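Number of protein chains: 6
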Amino acid sequence: MSDQPTALNLPMVDPLPETTQKYFDICQDKLGMVPNVLKAHAFDIDKLNTFTALYNDLMLGKSALSKLEREMIAVVVSSINKCFYCLTAHGAAVRQLSGNPKLGEMLVMNWRVADVDARQRAMLLFAEKVTKESHTVEETDRQALRDVGFSDRDIWDIANVTAFFNMSNRVASATDMRPNDDYHAQFR
Amino acid sequence: MSDQPTALNLPMVDPLPETTQKYFDICQDKLGMVPNVLKAHAFDIDKLNTFTALYNDLMLGKSALSKLEREMIAVVVSSINKCFYCLTAHGAAVRQLSGNPKLGEMLVMNWRVADVDARQRAMLLFAEKVTKESHTVEETDRQALRDVGFSDRDIWDIANVTAFFNMSNRVASATDMRPNDDYHAQFR
Amino acid sequence: MSDQPTALNLPMVDPLPETTQKYFDICQDKLGMVPNVLKAHAFDIDKLNTFTALYNDLMLGKSALSKLEREMIAVVVSSINKCFYCLTAHGAAVRQLSGNPKLGEMLVMNWRVADVDARQRAMLLFAEKVTKESHTVEETDRQALRDVGFSDRDIWDIANVTAFFNMSNRVASATDMRPNDDYHAQFR
Amino acid sequence: MSDQPTALNLPMVDPLPETTQKYFDICQDKLGMVPNVLKAHAFDIDKLNTFTALYNDLMLGKSALSKLEREMIAVVVSSINKCFYCLTAHGAAVRQLSGNPKLGEMLVMNWRVADVDARQRAMLLFAEKVTKESHTVEETDRQALRDVGFSDRDIWDIANVTAFFNMSNRVASATDMRPNDDYHAQFR
Amino acid sequence: MSDQPTALNLPMVDPLPETTQKYFDICQDKLGMVPNVLKAHAFDIDKLNTFTALYNDLMLGKSALSKLEREMIAVVVSSINKCFYCLTAHGAAVRQLSGNPKLGEMLVMNWRVADVDARQRAMLLFAEKVTKESHTVEETDRQALRDVGFSDRDIWDIANVTAFFNMSNRVASATDMRPNDDYHAQFR
Amino acid sequence: MSDQPTALNLPMVDPLPETTQKYFDICQDKLGMVPNVLKAHAFDIDKLNTFTALYNDLMLGKSALSKLEREMIAVVVSSINKCFYCLTAHGAAVRQLSGNPKLGEMLVMNWRVADVDARQRAMLLFAEKVTKESHTVEETDRQALRDVGFSDRDIWDIANVTAFFNMSNRVASATDMRPNDDYHAQFR
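Protein chains in written order, with numbering that gives the first Met the number 0: chain A, 0 to 187; chain B, 0 to 187; chain C, 0 to 187; chain D, 0 to 187; chain E, 0 to 187; chain F, 0 to 187.
Chain A on its own, in the form it takes in the complex (with noise of 0.2 Å):
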């Protein structure tokens, strides 16, 4: 494995711009490292911009989904999709955000384990038919969150948010992207 964040060789723009080097310079302050998704779209500054652009609003602006949930989904759809840098990242956010570590390995290793609540079930049952069969989703699966209480903004939240680790799975997965080592031991 070289240094490289993904397969591909596809080295960051060098020297980054100055927005992009205060970003990263950020991330190392805030999570002692610059996440490796971020270096491996550096080598292009508009698809690092809009990536980050889409994720920061889906993960961390406003909803009413906590970040906890958010992350909750983020494993759930990468678990099923069995993305290597997606469960590692977004599992210690889980374990981090909940101080629940095994909360974190129940939802890598097998959601339905996990001891949530009737709102968070429906959410993730839902997640769940998002990611394995779009197709077959209906007016009653939406129904069925409406019922425990989500509105319809928050289902377009859990839709997007569903989908967006749709997304970066296959991103990650289709080119061997691989998670800082950091996240491993972090929050057990």
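Same chains, same names: a pair is fine if it fits in one copy or spans any two.
Straight-line Cα separation of at most 25 Å, SDA-like style, residue types lysine to any residue; simulated pairs:
1) K46 to G60
2) K61 to D13
3) K131 to Y54
4) K101 to A6
5) K46 to Q119
6) K46 to F23
7) K131 to D151
8) K61 to A6
9) K128 to D153
10) K21 to D56
11) K29 to P16
12) K61 to R118
13) K101 to L67
No lab work stands behind these hints: they were computed from the structure.
Everything numeric in this text was worked out from a predicted model, so none of it was measured.
Start from chain A and add chains B, C, D, E and F according to the hints.
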């Protein structure tokens, strides 16, 4: 079916910000319609903007893949996921860009019957594998793309267009997003 | 692609027997073409005759299922099996008989988005189950058809039309049978 | 279980037309029974006739495939589709025609364990692929048959016998058609 | 096919230890054969002993499941896994214990056609789910067994018999283990 | 969650027989816990003994497969079956025996990303095939193992370890068996 572009009650911001309105006006002028996917996102202008930025970079930005080839991937992925919205919109795009209505039908129905060259066949095989079982992609799969002339940057683009439609197929199906009726008769 | 209707080198009997020639002439007059599936069988007139007898009985014979409903089943089954020939020919038939091009597209792409009534929905769900996992059909599945008004004779017809296209989809795909080009633009 | 050959209440025409009665009498004489599949169709003599014409052409007509080979395909297809009727009736036929009861059992249970020659193995692999994922059949699959000595006409026959049982398996399972009890003990 | 019970060259310990020889002699006396699964393990007497201890406890030991019911599970699991060895040996056991050859055939071919009572149906549905998608088993599945009268101890037994054949099916198929020919004609 | 190791109400024999108590004391001393799988079986000492005898022979007995390799198979099989108990317990074992926490994570998440040698890769491919579609294993699959240096005895061991976890994954999931919490933080 109401006027809503999806099954979710998420009305567009009203009035639209000036930039957005201008963008929609351009769509109306150039395409004869505002695609429903844009209206669907327009309940939140940040979400609309991050979506269109990513879409435009991938599908209209600089790439060694022709626009037609990117649309071919879009249709093949959407056929696997049985996404009515994307098959309708991007099937029309294939018909338009290729000037070959039958090619559009073939990609919608069963891409293997399409008379594509060895390079495009390798591209579509990769897109199919990434869509159906991304966790099994290995170096031999990337090498198969290099062997027919794709660069590592091209592989990035194939992976990302493939992944993008795995995202948007799922958003469309999860929200019951409906394509503009105009697409059906276009470029037949 | 040669003039052959399939990838197999099986030329039509030449000259055709008088009755066959007459039948083909009628097709040409009424449909504007001789469907390639007929030409494909015409290397052996007995095979042609047994095929057309079965087809005509099922699709054109007396039944409480309308001709459109039988064509709807044809397209839904062919969509599951991704049969280019049958989707093309019977997609056109749905467009023609319904006067609703969008309905044809929906059934080709993802029948669940089509706005069908409860009776037709039950019929298509049964056709889907018989196509995908026939060994799990049980009395409750037949009862679900009776509950929306189908008689036992109607159930026979639904089962047999479904089964017929599971046969002809496979013949078409196994031999690379190609539909007449005329279908693509019809009834759009 | 009533006397009906299926779960549908579709009694035979009574009395049967003379030709049909004669055909059933011949069955009784030669086979010791009237196969239930014939009784099941006999509520409508046209349907019975089109079915038997197709069946007899495919399974008993002239072909470079031996009758045993056609029955082998019948059993392998029916095993994939888990069709009780066809496995019972055609399993008995394999035992009879081969004089090898174990061969019948192997084809019912897992055809890969059967000690067939390279030609028959290619034939059964093709039948399996056409049954399970017909849309992926390509020229290389047909060529593999030619490579072990099959002509294009033989490929037509393999495809059509395979496809026929994909039809009749589904009719049998969808209607809960039951085989005559006599088959079970035959040719053991 | 050589005399070896599997495709692996692992000859039996020679001579067999006295206890083992005695056990094999009893098999020969009572069953008319030494089952090949025992010969296959006899290259290592410890392996033979741990296997037979587990088998005998599960299939012959004390349980509220009748021996026939345990054999029914064995055949249903083996049918899903298409294991020639286990279908042959345990299909014969079902015929013997039930005195109903047709029941054995039904369980081999498609257990859903078998005329079992509600209790046995629940048991076989559970066995099927545990075999095909064990990670989705939830408390409702166990409760469905309790609802038809099974105790928690019975559920343990159903789960373990099901699991055992998921093990031995795989050993048999992975090593090409062949059943004794005598089974085929037994209890027809 | 109660103190019970599974969802079944099957309390341990109380008091435990002396030998069993001694065995559990040794576990407590050497592992710092009595694994819940042992407690789960301890409602019936015969079942406990047959299970541990088989387990110990396969996983701790003499074999040309290292203990780490056997644990690698355990984790790969358990990942396919999504068994929370076995992934937790045997993931910890891989971390311990390899001294490589990342290897344990990789095998849990997607074994194909793990940097294993050609011999181990062949072993894991075989384990995957035996787990997912054992009925398709053929001589070429066994030969592929011989080609990288495995003996027939080694193939027996690979097949049996693979098969064993296909059994115990199903018992664990069917009974909702929960791993001891201590595993999660071990050897990180």
